[in-house]
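Those protein sequence lines, which keep their order, are chains A and B. Count along the first sequence from 1, then add 5; that gives the number in our numbering. Count along the second sequence from 1, then add 5; that gives the number in our numbering.
Treat the hints with caution; some may be incorrect.
Since the list gives no way to pick one copy over another, a pair counts as held whenever it fits inside one copy or between any two copies.
[To be verified] As a list, the in silico DSS-like pairs of lysine-lysine whose alpha-carbon atoms are at most 27 Å apart: (1) K219 to K600; (2) K140 to K213; (3) K140 to K128; (4) K608 to K128; (5) K128 to K524; (6) K219 to K107; (7) K262 to K437; (8) K258 to K437; (9) K398 to K437; (10) K432 to K524; (11) K519 to K467; (12) K219 to K141; (13) K398 to K387; (14) K128 to K213; (15) K265 to K219; (16) K289 to K415.
Simulated from the structure, these hints should not be mistaken for laboratory data. Computed from a predicted structure; not experimentally measured.
Protein chains: 2
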Amino acid sequence: MFRSRTCGELTIKNVGEIVTLAGWVQTIRKFGAITFIDLRDRYGITQILFGENLNNQLEENSLGREFVLQVNGTVTERSNKNKNIATGEIEVTVNNFTILNKSETPPFTIQDETDGGDDLRMKYRYLDLRRNAVKKNIELRYAVNRSARNYLHENGFIDIETPFLIKSTPEGARDFVVPSRMNVGQFYALPQSPQTFKQLLMVSGYDKYYQIVKCFRDEDLRADRQPEFTQIDCEMSFVEQEDILNMFEGLIKSIFKEVKNIDYTSVVERMTWQEAMWQYGNDKPDIRFGMQLCNLKFPAHSFPEKNNISDLIAADLAVFNDAETVVAIAVPDCSEFTRKQTDELTEWVKRPQIGMKGLVFIKCNTDGTFKSSVDKFYSEEKLKAIAQAANAKAGDLILILAGQEERTRKAISELRLEMGKRLGYRKEDEFKLLWVVDFPLFEYAEEENRWVARHHPFTSPKPSDIETMIHNNPAIENAADYLKHPYANIKANAYDMVLNGNEIGGGSIRIYQKELQQKMFAALGMNEEEQQHKFGFLLGAFEFGAPPHGGIAFGFDRLCSILGGSESIRDFIAFPKNNSGRDVMLDAPSSIDTKQLNELQIKLTPKEIN
Amino acid sequence: MFRSRTCGELTIKNVGEIVTLAGWVQTIRKFGAITFIDLRDRYGITQILFGENLNNQLEENSLGREFVLQVNGTVTERSNKNKNIATGEIEVTVNNFTILNKSETPPFTIQDETDGGDDLRMKYRYLDLRRNAVKKNIELRYAVNRSARNYLHENGFIDIETPFLIKSTPEGARDFVVPSRMNVGQFYALPQSPQTFKQLLMVSGYDKYYQIVKCFRDEDLRADRQPEFTQIDCEMSFVEQEDILNMFEGLIKSIFKEVKNIDYTSVVERMTWQEAMWQYGNDKPDIRFGMQLCNLKFPAHSFPEKNNISDLIAADLAVFNDAETVVAIAVPDCSEFTRKQTDELTEWVKRPQIGMKGLVFIKCNTDGTFKSSVDKFYSEEKLKAIAQAANAKAGDLILILAGQEERTRKAISELRLEMGKRLGYRKEDEFKLLWVVDFPLFEYAEEENRWVARHHPFTSPKPSDIETMIHNNPAIENAADYLKHPYANIKANAYDMVLNGNEIGGGSIRIYQKELQQKMFAALGMNEEEQQHKFGFLLGAFEFGAPPHGGIAFGFDRLCSILGGSESIRDFIAFPKNNSGRDVMLDAPSSIDTKQLNELQIKLTPKEIN
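Here chain A stands alone, though its shape is the one from the complex:
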């Protein structure tokens, strides 16, 4: 051992002890012939005092930032105490020291607030990882990992490793593939998730499975997506949806307690997908604050019976009349926004990311009067009625968007989140869990005029919808009327867990009957041959006594980032990739030897760059 103690543990109680420490030089301060050094290791920082007697030796072996240093010395009480750190009452007076390794001047400072830009820090990730701000994240990640494993272990789950070199069955996202040298011309795929394997384990009788496991998706990377990511992947047999929800809100509550020391004792709310969409414009609402949507005009295809509310906004106002949807939020205590502020909000919704043509507002003045951007079209009485419908109180600012249903709903949801953020309703240290349930089983894929699985092809319909699914032809005769197809209304036995407006986990009760699974594959446009080629093993397994089962997978990177109060999952991954899927530290991916290509019997055929 190069040390007898760490840099984080010595206190006033150790005064007089002879110790050996090893670590990195954080700072050097010279006062005449004596020198102070802050020595840093994983556990903390200890002040080291080099007395006059060592001055010559120090000059011959001059130290610099990030040098690796071993010191042997005596723990002494400091005259000038630092109450901010655990070791702040002592220092170590050096008897002798060894420079274990030198360091070039780092390209950025190893401090919480560093001067290094993102690219530089990624290139020198091994130095970035030294910073306390990053170390805290990596340690939090481990704490979440440990806590999840403990909870699952105590609840009878067993960690079973599933393979990484599997079969390519692209459904949704693209697979990363791995050419096989021993089976020339054939490829493995890296798993997008262990989905089918965990289901097979249920067929095998392992009844409670978990794994904290890497998954891979070859997608065009949006901000904060990684080609490889980690899931807490779980599956249970002989359960219904209710059992899963209880078990896994327990998991998250247990992580809150162990990692954040938060007693999450309140009931986890539940909301149907429809409620979420109508009330928040979003299937992963942030329910730390209210400001629910008021649907002033529903799209014609849905809830025609509810559309009487649209009488409220009946006027000679093209922006509302021509819109498929008109939807409002009442922003508390903002009725006194200036023209500049409302203009800024209008610009905000007109940005390409939001894509609206404009913003209508109604100020509900504290004196009971109203002032709106559409005063020309509405009487005070009408404005008051709209305000009532929107649940606005005196002092609120009503913001109204109008336009095509999907875009408008997305925009009002973004606007709600933005206003919530500006008003300080989205507190980093407040955590609100939510289950969103009863998702649609299918989504309509316009390009191919067919159904795709909203979750995945293994998700079960609600028991009450099984008949509808079996007895109807999935083919969509009239693309324009796809919403009238019986499949459009089939609900899935699926659920998402939402934390502060982020989907942290999702799962479903699975299909376990061979015929229903075949019907599902067929509904997704897979003929029997394709079903056999891709999923023959699963259909086979369902012939030999598959139990009812279901499960969930949590996005581990995302969960950690939210618990750590960060927006970026990259901060919680030791060696992340950038938005082009590159590891800039390794400089990977990279070209490989012709010898390797020849062994794999593949050839590059790069297209001309246009």
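Use these hints to put chain B onto chain A, whose structure you have.
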């Protein structure tokens, strides 16, 4: 929940309770109008009694093996108790039941001793996994996993995930590569181990790292190798070899205790690589038994001073005189082997796997006389002297092999293990750990007439050998004399942990100085450009204060198989691949769509099959 209790927990104490169980039908026994079923789940088997009243219903819904069944009924005391199982004193008398899923007749019986051959069981692995014999292995694997994590956690280690999509730096084994779609013409590699990443984490100051992690090697599969396998991967900073040995024999002892309830209190033996090779012919000796080698004639290139012992065997005997090596073992209590038995042994060593030309034996009769297959050449006196040298006692059978050094040493080692096995010295329930230390740093690669790293290029030489390494040119001028090159004698700071003759782990103290690392790369024939291309990130990291560090990796699959008393790691992997690297259940690898190939801009160029 489809059940209120499991099939493994009901005892006489539960008599009278109404319970719901769910599981698989193991057996069906009809006695007139009543039917007994053994219902199986993960936790055990419970006997279920269907009374006369259910006879009609059972006939309408006939049950079969492996049907998934839910029963509701009353726990009752059995008249005919079964002491062999936990639930053997009770049965559940059915009130009502539901068939949750049917099953075809399984292709093999779901029993400890199954009638299914290997191929069939692999194809239907999800059924094979139902067998208790396999389930026990999977559960043992989890127990080892859990125990390792607990020990490492308690000792301050932190689990940090390293990336799977990395850079191809083939050194030794072949990489699996992954074509990148977003970086056309470039490839990721799957890690053969997280070696460089864990070293970077040490540079980052994380001082005690571990991971239980999948690794990948594209090798021609020998029996019992898998293209993907799991390591317990660990690294520590500020340590010397002694610290690592202590920490990790602690890990294995802790696993013994928790998983096998074995108190491994004895000191773990240590042996240099040289001792292992001379005394056991093998760098992973099984020390559960003695029978060490007696080197009757050393190869000329080594220990010339010791060769006086070869006077013992001096005779007009070409098989000895022409041999580079003559080596013997004394097999206890086998002097009365018949001609048939010694002939059989002779055939055994002549098999191509062993490859010897013959076997010489000396029987040390219990009456003090000797009888050998070379009586023509040696007097009784001489035989006695040889027996003395071989540490043989009266009643022993001395077996002698002669020939080319490497082959002969390997053969005598195999023969020793075979005799140990036949004589019952290799007990499945006896565990003997051993550290083999002081490996050579380099191996000579004949084809390329250069040095290769015996462990890997990051292993440090012994401190006393660093000067030799730095001040000598690695080039080998005279291939025939490579053993005289100073590099041939450089010892590595490397160690293997051996359990019952299997290498279960290996590691080293690493190089942490940039210059020494460069010298190492150069010694392996890598020029500066190649060093930068492949390992620039590591050399870079060594510029910024790399601490002294070292680590170890355990072969998790192998460790589990030894603890489980099996020769095959496949039995301890939920979904293993066969010897051609195929998953026969999935039928993977497989061909992929042209669309996928086009997106990756690669083309298959299969060679003509010869």
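When the hints from earlier in the document are held up against this structure, which numbers fail?
4, 6, 10
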